[in-house]
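J.: Residues per chain, in single letters:
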Amino acid sequence: MSKITFPKGGIHPPENKITEHLPIETMPIPDEVAILLSQHLGAPAKPIVAKGDKVLVGTLIGEAQGFISANIHSSVSGTVVKIDEIPDANGYPKTAVVIKVEGDEWEPSCDLSSELKKECPLSPSDIIEKIKQAGIVGMGGAGFPTHVKLMIPEGKSVDTLIINAAECEPYLTADHRLLLERTEELLVGVSILKKALSVDRAVIGIESNKPDAIKKLSETALEYEGIEIKELKTKYPQGAEKQLIKAVTGREVPSGRLPLDVGCVVINAGTAHAVYRAVQKNIPLIERVVTVTGKALKKPANLMVRTGTPVSVVVDYAGGLPDDICKVISGGPMMGKAMPNLDSTITKTTSGILVITGKEAIRPEPTACIRCAKCVSVCPMGLEPYLLEKLTENKLWDKAEEKAITDCVECGSCSYICPAARPLLDNIRYGKSTVMMIKRKRSAK
Amino acid sequence: MNKLTVSLSPHAKAPIDTQKVMLAVILALMPSFIASLYFFGVRAFIVTAVSVVAAVLTEYLITTILLKRKNTTSDLSAVVAGLLLAYNVPSSIPLWQIASGAVFAMGIAKLAFGGLGNNPFNPALAGRAFMLVSFPQQMTTWPQPVVTKMMLNPDALTAATPLGILKEHIKAGETIQQFSNKLPDYWHMFIGNIGGSLGETSALAILIGGLFLLLIRVISWRIPFFYLAGLVSITGIFYLIDPTRYADPLFHLLAGGVLLGAFFMATDLVTSPMSPAGQIIYALGGGILAALIRLFGSYPEGCSYSILIMNAFVPLIDRALPPSRFGKEASRA
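Residue numbers (UniProt numbering), protein chains in the order written: chain A, 1 to 445; chain B, 1 to 333.
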């Protein structure tokens, strides 16, 4: 059987999954954590603790503010030292609750037993409420609050739940290990999500470079009703929402529309696992699997890390930064963010910490575009990156809008492939955000 | 401690650059170079060397001295242009003429337009067109292959090109059957033992290099395929109408420069369209034009002009035929 994939564009960078066979290891709890109040899209949560307060693991410390926001819970037990600004992965100062760790005492409501709890008698709305309370957000990177995704607006209907287990980013293996090691929990999570959405069909899309996980999932999923496993060709960006929907269902999300418009909801595999923990075990989202990786690291690993753990602590645990000039990335090499320092902390959306060294860490100098058309052929959205770059440079915003610059999913395939090392995506990002601002102003009129 | 590099994503880069792309093209041109040495001997080497050196030197002097820019010759694009220009001239060409062609190709066709990536026309073909109007006699005198191998002044022994023979006799009112004994057989045309420009006579050598470029994906299959398809279909139609006046498509494939043009000139990255649909239209148009010029034009060969003409349409084609967008059709429905 030929493996399914999206039809247009895409690249296949070296996979570098050096941690794929390393079981998830529990990272020791650090002495102090700094839990960001903004670990999701939308408004930051409002802190509801003060300096000196005692908190337990799972204690609510930040309340969601506004529609697209999520609750924040303490990932450790101890005393709130201060509420202060720390840099996030982009280097922007963001408010965080700093907690000095004392022991490891959990909220009594959390069920820490290892027993698998399969049945879920809750109603869809109760499930969504529990997910909301637990502060669950999309763990693939964007951090969209999951409960918002599950509330289907009036007039829309959903028939398919898609679980994004592609993990198409090179290096990252967090989802892979979770799929393999927590298979049953994850499948129960998928069943719960199915129930919350009232759909009969869930499809788990997973790339062919995880054969062990595919085998385990396929065998185990037989016991669950309405969950299919679909093996996808290993191709980046297979895990991009629109590309995944196209690969799995053949449906094409129209330009400027959402998965809902074609009857799909896409949830990340790690998120489905967090849903299980929240709904069946009352455990809010306070830890996640983080792949700490890089060829120059002494001890790459898949780590279960508490949110708020400083990146520097995680890097030290993996053997520390190599001397060679280097780049530390939150996420994978294709879409991750290069961090200016190691002062930020692990959030709900940190899928990996990637250390790259030497020449690889520095971008080659751009040369003239030779019109080789590689960027056009790899763009999964069928755009013309070379042209969008030029239009942005010349500030031709109308033309850029007409050429659908806002359709760009920022996958970076164009910059990756460009023989002239043009900063295509850098320019397109600037153009995209400018065009989006112009569009907003126009519709506000 | 802070020595971290910060940049926007992506943080990975495919291990290709312009220099490697050009190096691949140079490698792909080597079989033809070897064939030209075999058929035209030492003179082929000298002409090629002069062309390449003149091209590189022109680019170097213009960029560094005249424009005070960075020296860009290390991207090897000037080497490619020099090689291709040499492949488009007879081995007997006077050296100052090939040198002037190379200077025109780089100075006017390429650098005057802004250098690599900005030239609308293929520099080598523009150089050839310049030479054809400036030195019509020397550009259409073809030394006999193999026989002239060791000669430094080979234009004493000339051989017409297959297309030249065809044109001349058809003009004289003969049918192909009457003069077919004067045409070389297909095997000689395939391996390159015929009169013609340095790099165009050996179909075999061009195909080896062309297939290499296809395999490593420096060029797309669409342009050579549709260029040749355009040529074959038009010459095929006329062959079917009157085989006494029109040569068969296989003859047209093997004669003259269409194979070199299809694999190495029409596929020039800079001067060909970006989208798959655009590449098909451009190549098909080029192939049809080449056939029409050969059949009805005053020159026996039409390859260079067919590509130069289509080069002029590339901006229009790029605008008219963008790639198909994801979700565009769906958003109309």
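Note that these hints are calculated values from the structure, not bench results.
Any given hint could be a false lead.
Distance condition first, Cα-Cα at most 30 Å in a straight line; then the derived BS3-like pairs of lysine-lysine [said to hold, decoys possible]:
1) A/Lys-359 <-> B/Lys-70
2) A/Lys-399 <-> B/Lys-20
3) A/Lys-216 <-> A/Lys-233
4) A/Lys-399 <-> A/Lys-94
5) B/Lys-3 <-> A/Lys-299
6) A/Lys-51 <-> A/Lys-8
7) B/Lys-70 <-> A/Lys-156
8) A/Lys-94 <-> B/Lys-3
9) A/Lys-233 <-> B/Lys-328
10) B/Lys-70 <-> A/Lys-233
Treat the numbers as computed from the prediction; the structure is a model and nothing was measured.
J.: Taking the hints in turn, state whether each one holds.
T.: Each hint, compared with the structure:
1. Among the hinted pairs, A/Lys-359 with B/Lys-70 is consistent with the structure: their alpha-carbon atoms are about 23 Å apart, no more than 30 Å.
2. Our distance criterion of 30 Å between C-alpha atoms is broken by A/Lys-399 and B/Lys-20, whose separation comes to about 33 Å.
3. Using a Cα cut-off of 30 Å, the hinted pair A/Lys-216 and A/Lys-233 holds, with the two alpha carbons roughly 18 Å apart.
4. For the suggested pair A/Lys-399 and A/Lys-94, the alpha carbons sit about 36 Å apart, so the restraint of at most 30 Å is broken.
5. Taking the CA atoms of B/Lys-3 and A/Lys-299, the gap is near 21 Å; set against the 30 Å cutoff, the hint holds.
6. Only pairs whose Cα atoms come within 30 Å are accepted, and A/Lys-51 paired with A/Lys-8 is rejected, the gap being roughly 53 Å.
7. Pair hint B/Lys-70 plus A/Lys-156 does not hold up; C-alpha atoms about 58 Å apart against a cutoff of 30 Å.
8. This hinted pair checks out: A/Lys-94 and B/Lys-3 have alpha carbons roughly 23 Å apart, not beyond 30 Å.
9. Simply put, A/Lys-233 and B/Lys-328 have alpha-carbon atoms about 24 Å apart, close enough for the 30 Å limit, and the pair holds.
10. In summary, the hint linking B/Lys-70 to A/Lys-233 is not supported, as the alpha carbons are separated by about 43 Å, beyond the 30 Å threshold.
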